[in-house]
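Once you have looked at the hints, place chains B, C and D on chain A.
There are 4 protein chains.
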Amino acid sequence: MSKLYFRHGAMNSGKSTALLQAAHNYEERDQHVLLAKPAIDIKGEKAITSRLGVDREVDFLITPELDLRAEFASRVAAFKKETGKGIACLLIDEAQFLTRDQVDQALEIAVLDNIPVLAYGIRTDFLTNGFPGSLRLLEIAHSLEELKTICRCGRKAMFNARKMDNQFVFDGEQVAIDGVNVTYESLCPSCYLSERGSL
Amino acid sequence: MSKLYFRHGAMNSGKSTALLQAAHNYEERDQHVLLAKPAIDIKGEKAITSRLGVDREVDFLITPELDLRAEFASRVAAFKKETGKGIACLLIDEAQFLTRDQVDQALEIAVLDNIPVLAYGIRTDFLTNGFPGSLRLLEIAHSLEELKTICRCGRKAMFNARKMDNQFVFDGEQVAIDGVNVTYESLCPSCYLSERGSL
Amino acid sequence: MSKLYFRHGAMNSGKSTALLQAAHNYEERDQHVLLAKPAIDIKGEKAITSRLGVDREVDFLITPELDLRAEFASRVAAFKKETGKGIACLLIDEAQFLTRDQVDQALEIAVLDNIPVLAYGIRTDFLTNGFPGSLRLLEIAHSLEELKTICRCGRKAMFNARKMDNQFVFDGEQVAIDGVNVTYESLCPSCYLSERGSL
Amino acid sequence: MSKLYFRHGAMNSGKSTALLQAAHNYEERDQHVLLAKPAIDIKGEKAITSRLGVDREVDFLITPELDLRAEFASRVAAFKKETGKGIACLLIDEAQFLTRDQVDQALEIAVLDNIPVLAYGIRTDFLTNGFPGSLRLLEIAHSLEELKTICRCGRKAMFNARKMDNQFVFDGEQVAIDGVNVTYESLCPSCYLSERGSL
Chain A
79 MSKLYFRHGA
89 MNSGKSTALL
99 QAAHNYEERD
109 QHVLLAKPAI
119 DIKGEKAITS
129 RLGVDREVDF
139 LITPELDLRA
149 EFASRVAAFK
159 KETGKGIACL
169 LIDEAQFLTR
179 DQVDQALEIA
189 VLDNIPVLAY
199 GIRTDFLTNG
209 FPGSLRLLEI
219 AHSLEELKTI
229 CRCGRKAMFN
239 ARKMDNQFVF
249 DGEQVAIDGV
259 NVTYESLCPS
269 CYLSERGSL
Chain B
79 MSKLYFRHGA
89 MNSGKSTALL
99 QAAHNYEERD
109 QHVLLAKPAI
119 DIKGEKAITS
129 RLGVDREVDF
139 LITPELDLRA
149 EFASRVAAFK
159 KETGKGIACL
169 LIDEAQFLTR
179 DQVDQALEIA
189 VLDNIPVLAY
199 GIRTDFLTNG
209 FPGSLRLLEI
219 AHSLEELKTI
229 CRCGRKAMFN
239 ARKMDNQFVF
249 DGEQVAIDGV
259 NVTYESLCPS
269 CYLSERGSL
Chain C
79 MSKLYFRHGA
89 MNSGKSTALL
99 QAAHNYEERD
109 QHVLLAKPAI
119 DIKGEKAITS
129 RLGVDREVDF
139 LITPELDLRA
149 EFASRVAAFK
159 KETGKGIACL
169 LIDEAQFLTR
179 DQVDQALEIA
189 VLDNIPVLAY
199 GIRTDFLTNG
209 FPGSLRLLEI
219 AHSLEELKTI
229 CRCGRKAMFN
239 ARKMDNQFVF
249 DGEQVAIDGV
259 NVTYESLCPS
269 CYLSERGSL
Chain D
79 MSKLYFRHGA
89 MNSGKSTALL
99 QAAHNYEERD
109 QHVLLAKPAI
119 DIKGEKAITS
129 RLGVDREVDF
139 LITPELDLRA
149 EFASRVAAFK
159 KETGKGIACL
169 LIDEAQFLTR
179 DQVDQALEIA
189 VLDNIPVLAY
199 GIRTDFLTNG
209 FPGSLRLLEI
219 AHSLEELKTI
229 CRCGRKAMFN
239 ARKMDNQFVF
249 DGEQVAIDGV
259 NVTYESLCPS
269 CYLSERGSL
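Residue numbers (the numbering used here), protein chains in the order written: chain A, 79 to 277; chain B, 79 to 277; chain C, 79 to 277; chain D, 79 to 277.
Looking at chain A on its own, in the form it has when it is part of the complex:
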């Protein structure tokens, strides 16, 4: 039986780099993987982009209504037909944007289809509330592993504070992909509470 892993970390903790490295580790051993990410993450369209300068296209995008297990099975079958080879691992970036059902399907891929699933994502939004996908992963993943990064104060960052035009904001939609006006800063709980005015 394989496992479902949730490798979580604040924004800019290197999750995409870690995912691309994990894919590389498999492929260097002549094992094949599939990469996917939720379609909601429009940053770079089909690309997974690491801030270290490495990038790569995903094999498929996961729309909200997609049956992840069925889609994965059909891609595994197609790969088998084309190459005669199997798929050793499914890697998912921005996994916080999966639906709850899709995380259940990811668990089934691991447990019932015996293929490990590595899901990378953030735990919480800019108000410290979980996303649907990350909450479900926190509930049912076999293994919760943290990728660390630092706060401006030197402590471990955990929360993803949102800035509009460089000012911290504490209301708005849950999803606002970072871009021109919206940016994020990973903060430790102390700096986050301080910025939010709880001190």
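Take the hints with a grain of salt, since some may be wrong.
Treat identical chains as interchangeable: a pair holds within one or across any two.
As a list, the in silico BS3-like pairs of lysine-lysine whose alpha-carbon atoms are at most 25 Å apart [stated by the list, open to error]:
no.	residue 1	residue 2
1	Lys234	Lys163
2	Lys81	Lys234
3	Lys158	Lys124
4	Lys234	Lys124
5	Lys159	Lys241
6	Lys226	Lys163
7	Lys226	Lys241
8	Lys226	Lys81
9	Lys81	Lys158
10	Lys163	Lys81
11	Lys234	Lys159
Hints listed in this document are in silico derivations from the structure and should not be mistaken for laboratory results. Just so we're clear, the structure is a prediction, and the values are computed from it rather than from any experiment.
Positioned in the frame of chain A, the structure of chains B, C and D alone reads:
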């Protein structure tokens, strides 16, 4: 700055034993701790009971409307007045039954009042959905640490399947404290899905 | 394939309690375990004694020349003959006192005989140097898991400082079981270096 | 007080990538780091090279007789003089090649000078025995964190088997940097024992 720890594990993984051991470790060093648990957990009333045969009363029960940070502060102050000494740690059993606000208050105790909080609890209910307290802990605890136990098949147990009169049931209220008719069995995802009929 | 686990922690971190809890978790599920400890640990003779007040006799003592894998296999066979049942786990207390060969045999029990081995012990002696058994476990165990306890300063304790007649000492034999004159205090690196005079 | 971290993993688990990502995480926050590696690792001379295609020069090489704490302090002072800024972290690649004294000095940098030290390296040589630096790190690092990679069989790789002209060899010097004739393959314990002829 201290931290909020969530030490989670399936039922019967030894969480209460671990909590009592942690309390003992502090006290052996002449450091003082407070123990608490949600009032909803009526098993043994004020007692924390370890299946190894050790038990101990909590210092206070946490009712749903309680302001955990204020209550803790007042108990720390009372202890200080009585003994001249401080409190080194707050230990919470059955932390899945905390409210979301109380988990936020636990984070504030750690971050703003600089006293570590060790919260022990299960991740999910008998349907694999989180409890309010455990979901919030999974979102904001500094450290997620798993206490392991085994499934009947020898794999790591993760889910808490409910039995009524010794038959697995998959509908009912989220909270049903184990007793005469209701029991729980910790299962790995594979055995859980199998019992639920997903295979 | 099963795994070899090294659950390490400073003295008085609750290792024996954790071992007895793990044994209990198996037995509660009608699975059988064997408990062992190196014969060098004469504290309580054949007993594993938890500071929480629980104790239990080991099934066998491990003398330095013992072939652990052969001994375990013979005890598994005897148990099978007597009861018709298998052994689900080998639990070893004070594993730092194993020889290197015995740790290799423990790995073989896990990998070749497919029975998990849970080894509990301290990493280092009173001078911060590893014991033969703990060094080998740190080299080859599948999983290194820390059981935490606190230093008098509130930080995590890591080192096991020795006291003779209540004074810290920094020379002497590697093994001196705690008793009347010799005691140990678990310290964090900062307090340890301070006591040793490095500050 | 800062901590000494040992992030260990079998060869080709992505340690250099993780180190470069960690450096990037600091620098993105306008915090400065120093990179170092033992001089014995001649692969790429002063470069740390990630198999993902990223590379970077270390700030200094660590020769066996170097006092790491003094050297680091002098470089911190020089950086301060030149820029007015401090150093937030020391990152060490191939840390298994440090001397025991240098690991003690790394602990002092963390504990006494309050600067975190992230040491990346492998646990063991091609015969599963520790290197001087990795053994000392396993003994005294605050945090032991594993970077995972896979064996050809799909399990987690742990051991670093050596090949000469593509044949596994089980005798030879501890250090043989991989190059034309010598290569390494990361194996799980089962595959390693099988290749070594223990099955």
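Subject >> Hints that the structure is at odds with (numbers, increasing) >> reply: 4, 5 and 11
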